[in-house]
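Novice: The lines below spell out each chain.
There are 2 protein chains.
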Amino acid sequence: MILKKPFTVWLTGLSGAGKTTLAAGVQQLLGQEGIRAAVLDGDIVRKKLFPELGFTKKDRELNVKRIAHMARLINDNGIPAIVSAISPYRSGRASARAVTREMLEIFVECPPEICEKRDVKGLYRKARAGRIDNFTWVSDPYEEPDRPDLIVRTHKEAADRCAERILELLTTRGYIK
Amino acid sequence: MILKKPFTVWLTGLSGAGKTTLAAGVQQLLGQEGIRAAVLDGDIVRKKLFPELGFTKKDRELNVKRIAHMARLINDNGIPAIVSAISPYRSGRASARAVTREMLEIFVECPPEICEKRDVKGLYRKARAGRIDNFTWVSDPYEEPDRPDLIVRTHKEAADRCAERILELLTTRGYIK
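So the protein lines, in turn, are chains S and D.
Start counting the first sequence at 40; every next residue gets the next number (our numbering).
Start counting the second sequence at 40; every next residue gets the next number (our numbering).
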């Protein structure tokens, strides 16, 4: 396979929905095809680059916007980006689309109850105990995408299959061939 | 040629020394060898991602540190980075090295008088007219590297040759083969 045009795959969804796993899966599938893509994980970017940001709507939007600019810079270098970020607000994702231009919004859908049950990082427990403020779904909104480019349901489909579907979308849209 | 290990080429030097041209040259040479690298231009990163930052020592250091984290994230994805940033303080470059780990500090040396004469972006003129504060060399310090990995002298050598020398260094150090 070859890369026809750099793109940004933007994975949005709740904490525990499976975004990180899926990002790694997409990166690996692309890598097997000789296409190297950069994963930008919202948590890691925030922690390393912007530790001063909190979780208010304003700070979340700023984090999302900065990640979008990073993805765009990477795209401008001819390299695809895979963003994994809760990005709970429609407005934030819309601005990310405006910044990145070649963006595919993937809704990583998983019922909140299942995400909370998985609680991979123990964050839901902390949020329920009041030890984390502004935690998406527990004490902060998540605005589901109205018109995502693709929905993957990690509670119904294996992560591998979800990753494959993203590659199929990239092929259909002419980003890879 | 193949990439053996991701790296960050860090180009430091005055405004007008030729960092941007050189970054593009290194990116192109690597690209011809089938190695795709991401260029992070200090001016562009600042403008797009951190427009709130000024040019005080503190803000410059923060900008440099964030660029270093971006380069590291890119390296962690298996992709080389080429940073072009004045990065005038030794301390900032030292922290960049600590963050990026596989960093090659390239001093893009060019006498200030020549940089000012070139004045590609008209910034020296503005700084002299007092319309830009904290402008490196005019009203702000530039601390030359004590032990750069390489010095390229853009007023004595063609940009192409400087770029080649950087590739030679990358080969010698085992990053590309």
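Take these hints with a grain of salt, some might be off.
[To be verified] Label pairs and their in silico Cβ distance ranges:
(1) Gly-93/S / Thr-95/D: 44 to 52 Å
(2) Glu-203/S / Arg-167/D: 40 to 48 Å
(3) Thr-211/D / Glu-196/S: 43 to 51 Å
(4) Arg-167/S / Glu-207/D: 28 to 36 Å
(5) Thr-211/D / Arg-167/S: 37 to 45 Å
(6) Ser-178/S / Arg-164/D: 30 to 38 Å
(7) Arg-164/S / Arg-200/D: 58 to 66 Å
(8) Thr-210/D / Arg-167/S: 28 to 36 Å
(9) Lys-96/S / Glu-152/D: 18 to 26 Å
[Claimed, not checked] Quick look at which bits of chain D chain S covers, simulated, 3 or more residues with Cβ under 8 Å:
(10) 76-83
(11) 109-116
These are calculated hints, taken from the structure and not from any lab test.
We treat Cβ as the ideally placed atom computed from N, Cα and C, and that holds for glycine.
Novice: All hints are to be evaluated individually against the structure, with a verdict given for each.
Specialist: Do the hints match the structure? See the list:
1. Gly-93/S / Thr-95/D: 44 to 52 Å: violated, 24 Å
2. Glu-203/S / Arg-167/D: 40 to 48 Å: Hint violated: Cβ distance 59 Å, outside 40 to 48 Å.
3. Thr-211/D / Glu-196/S: 43 to 51 Å: holds, 48 Å
4. Arg-167/S / Glu-207/D: 28 to 36 Å: This hint is violated: roughly 58 Å between Cβ atoms.
5. Thr-211/D / Arg-167/S: 37 to 45 Å: violated, 56 Å
6. Ser-178/S / Arg-164/D: 30 to 38 Å: The hint (30 to 38 Å, Cβ to Cβ) is violated, given that Ser-178/S and Arg-164/D are roughly 53 Å apart.
7. Arg-164/S / Arg-200/D: 58 to 66 Å: holds, 60 Å
8. Thr-210/D / Arg-167/S: 28 to 36 Å: violated, 55 Å
9. Lys-96/S / Glu-152/D: 18 to 26 Å: violated, 50 Å
10. 76-83: Satisfied; 5 residues make the cut.
11. 109-116: With 5 residues close enough to chain S, the hint holds.
In the structure shown, a violation is registered for the earlier hints numbered 1, 2, 4, 5, 6, 8 and 9, in ascending order.
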